[in-house]
Amino acid sequence: MTKKILFILIFSFLILIISSPEIFSWGFYAHKRINRMAVLTLPSQMIGFYKKNIEFITEHAVDPDKRRYAVKGEAERHYIDIDHYDSTGVSAFKIVPRKWDDAVAKYSEDTLNAYGIVPWHVNLMVSRLTKAFKEENFERILHLSADLGHYIGDSHVPLHTTENYNGQLTNQKGIHGFWESRIPEMKAEGYDYFVGRAKYIENPLNRIWDIVEDSHAAVDSVLLFEKELNGRFPTDDKYSFETRGNVTVKTYSQDYTLAYDKMLNGMVERRMREAIITIGSLWYTAWVNAGKPDLAKFDTSLNPEDKEEEKKLEEEFQKGKPIGKVCD
379 MTKKILFILI FSFLILIISS PEIFSWGFYA HKRINRMAVL TLPSQMIGFY
429 KKNIEFITEH AVDPDKRRYA VKGEAERHYI DIDHYDSTGV SAFKIVPRKW
479 DDAVAKYSED TLNAYGIVPW HVNLMVSRLT KAFKEENFER ILHLSADLGH
529 YIGDSHVPLH TTENYNGQLT NQKGIHGFWE SRIPEMKAEG YDYFVGRAKY
579 IENPLNRIWD IVEDSHAAVD SVLLFEKELN GRFPTDDKYS FETRGNVTVK
629 TYSQDYTLAY DKMLNGMVER RMREAIITIG SLWYTAWVNA GKPDLAKFDT
679 SLNPEDKEEE KKLEEEFQKG KPIGKVCD
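Position in the sequence shown (first residue = 1) + 378 = our numbering.
These aren't lab readings, by the way, just hints derived from the structure by calculation.
Note that the structure is predicted; figures quoted are calculated from it, not measured.
Even glycine gets a Cβ: it sits at the ideal position worked out from N, Cα and C.
It cannot be assumed that every hint is accurate.
[Claimed, not checked] Simulated DEER-style distance windows between Cβ atoms:
hint: 1; residue 1: Gly609; residue 2: Lys670; range: 51 to 61 Å
hint: 2; residue 1: Glu580; residue 2: Thr489; range: 28 to 38 Å
hint: 3; residue 1: Gly609; residue 2: Glu580; range: 39 to 49 Å
hint: 4; residue 1: Thr466; residue 2: Lys675; range: 55 to 65 Å
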């Protein structure tokens with residue numbers, strides 16, 4: 379492949395990112411903001427190391443989305459269609475086993491992968507991060523921390539927990555990006571990000587399942603409020619055109635977005651805040667479980683441009699390696 383063709387492919391992908399924000403979970407802006415704010419929740423023994431590398435943690439918050447449509451096995455790590463498992467009169471949260479091996483035994487690994495594995499993958503990522511801390515693997519700690527933040531962020535999005543993930547089953551196509559990208563882009567600068575200090579989480583798997591359950595409980599409101607609002611807004615008032623870079627895109631109008639956000643009564647901000655404290659707490663938990671290694675010994679910031687080893691590791695991560703099995 380020539381450099382010219384490679385450049386065209388990369389440029390086309392960037393245009394796709396700009397013109398189709400709904401394909402990305404939380405949107406690039408929100409994922410970066412969430413990871414960045416999570417750094418500020420860390421205790422004194424950790425915050426120096428993470429603040430020194432806060433730009434890396436921020437910029438690489440979106441790596442999993444860059445791999446999502448290019449790497450087999452990546453997409454299912456971002457969601458779980460928990461309502462697929464609902465049976466008559468019984469919530470899926472009462473019948474789907476929280477432990478991976480038990481869930482595989484009940485439904486098969488293929489079925490779980492088909493409908494999403496985010497809670498199990500978050501748990502796996504915590505284990506991997508713990509191992510990286512134990513090994514004092516500087517580069518891997520940063521990559522895993524950034525990736526873990528992304529998957530935790532996804533688990534806080536209501537539409538990441540349902541088969542009707544983009545309103546396609548209720549004639550509300552586009553609502554996914556509307557909720558998790560358009561609203562944060564307009565409102566997040568004014569959100570309150572003071573969420574307190576990270577806390578040790580005794581059972582990360584149970585915590586992430588509780589978060590998924592909380593997210594799923596909001597699905598009805600997310601869909602219902604938009605449907606009600608849609609009935610009050612003519613199409614000409616619902617959408618507008620904006621220029622992003624050199625691209626003009628059709629998007630939800632400011633008036634429509636603000637009206638929807640008001641109906642949600644701060645839901646997006648609450649989910650972002652919860653994601654921030656959860657990310658910081660699971661970084662902290664992994665560090666504690668690794669024996670609290672001294673992070674002060676890493677006295678230089680990661681420089682992807684100058685470190686050959688970092689370049690190789692970056693290439694592996696962008697290819698989805700090491701993927702491993704779903705749950706260690």
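Hints that the structure is at odds with (numbers, increasing): none
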